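Asks: In case you want the letters, here they are:
Protein chains: 4
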Amino acid sequence: MTNAVDSTGDVLQQLARLLSDRKQADADSSYVASLHKKGLNKILEKVGEEAVETILAARDVAAGADAQALIGETADLWFHSMVMLSHLDLSHEQVLEELRKRFNISGLAEKASRAAN
Amino acid sequence: MTNAVDSTGDVLQQLARLLSDRKQADADSSYVASLHKKGLNKILEKVGEEAVETILAARDVAAGADAQALIGETADLWFHSMVMLSHLDLSHEQVLEELRKRFNISGLAEKASRAAN
Amino acid sequence: MTNAVDSTGDVLQQLARLLSDRKQADADSSYVASLHKKGLNKILEKVGEEAVETILAARDVAAGADAQALIGETADLWFHSMVMLSHLDLSHEQVLEELRKRFNISGLAEKASRAAN
Amino acid sequence: MTNAVDSTGDVLQQLARLLSDRKQADADSSYVASLHKKGLNKILEKVGEEAVETILAARDVAAGADAQALIGETADLWFHSMVMLSHLDLSHEQVLEELRKRFNISGLAEKASRAAN
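Protein chains in written order, with numbering that gives the first Met the number 0: chain C, 0 to 116; chain P, 0 to 116; chain B, 0 to 116; chain A, 0 to 116.
Each hint can be trusted.
Put simply, identical chains are the same to the list, so a pair is met inside one copy or across any two.
The calculated DSS-like cross-link candidates involving lysine-lysine, where the alpha carbons are at most 27 Å apart (straight line), are:
#1 Lys22 x Lys36
#2 Lys22 x Lys41
#3 Lys37 x Lys22
#4 Lys100 x Lys37
#5 Lys22 x Lys100
Bear in mind the hints are in silico, worked out from the structure with no lab data behind them. Computed from a predicted model, the values in this text were never measured in an experiment.
Only chain C is shown next, with the shape it has when bound in the complex (with noise of 0.2 Å):
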């Protein structure tokens, strides 16, 4: 990456601006407009068929193949669970709300301790 300054984080964010706009677009110029005027059905079955698709990528790399195709994989399950919650009003960032409670990762108090090492 030769970006320094961008974090993870901020490409969830952005994504999650992105489709939020999209969401509103011309269903026959935008692949989201497009899966949120076909309904929750077609978003779920591409949930579904991305988390499928991950489970045989995954099982192609650990017989050797290249992970590229895994990560385009992982990146086509993330972003139609975010369709979906964008189709459902919901925010990816109540998934990593709950992440960090589950974890007890804190964000101040370890920021904190970092800084102070």
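Take the given structure of chain C and dock chains P, B and A to it, following the hints.
Replies: Structure of chains P, B and A alone, referenced to chain C:
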């Protein structure tokens, strides 16, 4: 959220660090270590299961259920896909980088434009 | 079981009868009854899980593993899809009839009725 | 098809024969041949997709939709799992035999009739 400094990205980064630590932990005391010990198929079964549970929870939300169960299932899905990446010595940052490239999401420029506001 | 002529088809027929009987059984002593009691989502989770386990077992067979595990997972997948049909008061015969029509598979009775026209 | 006695089992038997024939067919004119040519991953993707579509159609039925779509998706799921078995040179009869053993479904009468020949 009451946390001003922590960004969403830090949750995934810290989770990745935690997953890396637990990969070496005792399989009797750590769920993550037990998954690695059981092997890739077990981890992929979990990815598949959580995808299905996410799909069912999304239908529940569309039928009027509270969204929290869906948030939890999506967190499970992302978590287990991160365990999968960790098992294969891959990083969530590669997935985010793939999303960034696909959607032409820029880091520095976006931050610069925010700083200008 | 009192069936006179056993054939592969009779296995599904007898299984359907058995599933119908157990639908009313005590959920503490019957796995099938316990699935019905837990409800459709639980049954569908099992269909999804068994599909994923079938997929992984098929990859194992392709990589040289003994086929018996795949036979067992496919049996689990068909079994749980029959529980799903039973839960919704549908019959596996409707599924077989659909396959027959699609593939233009004819039987005697059906042939006779066509011959009469 | 020249089968003399139609029963539900014969549908799977005849479908298996048809799948065996088409395995060698021209991939340009036969869907089954095209699946074999694309390989196991493609066939397993279809098994996964049809499982997800079955799950969604089952939820639709529970919400009041006509059952025919679910019958069609279940037929797709069974069909593609039979293509998978065919691809790996396995038989649906092994799956039915596994179900028979698990559920203690007897073929005594059938055995008797075979002994009589």
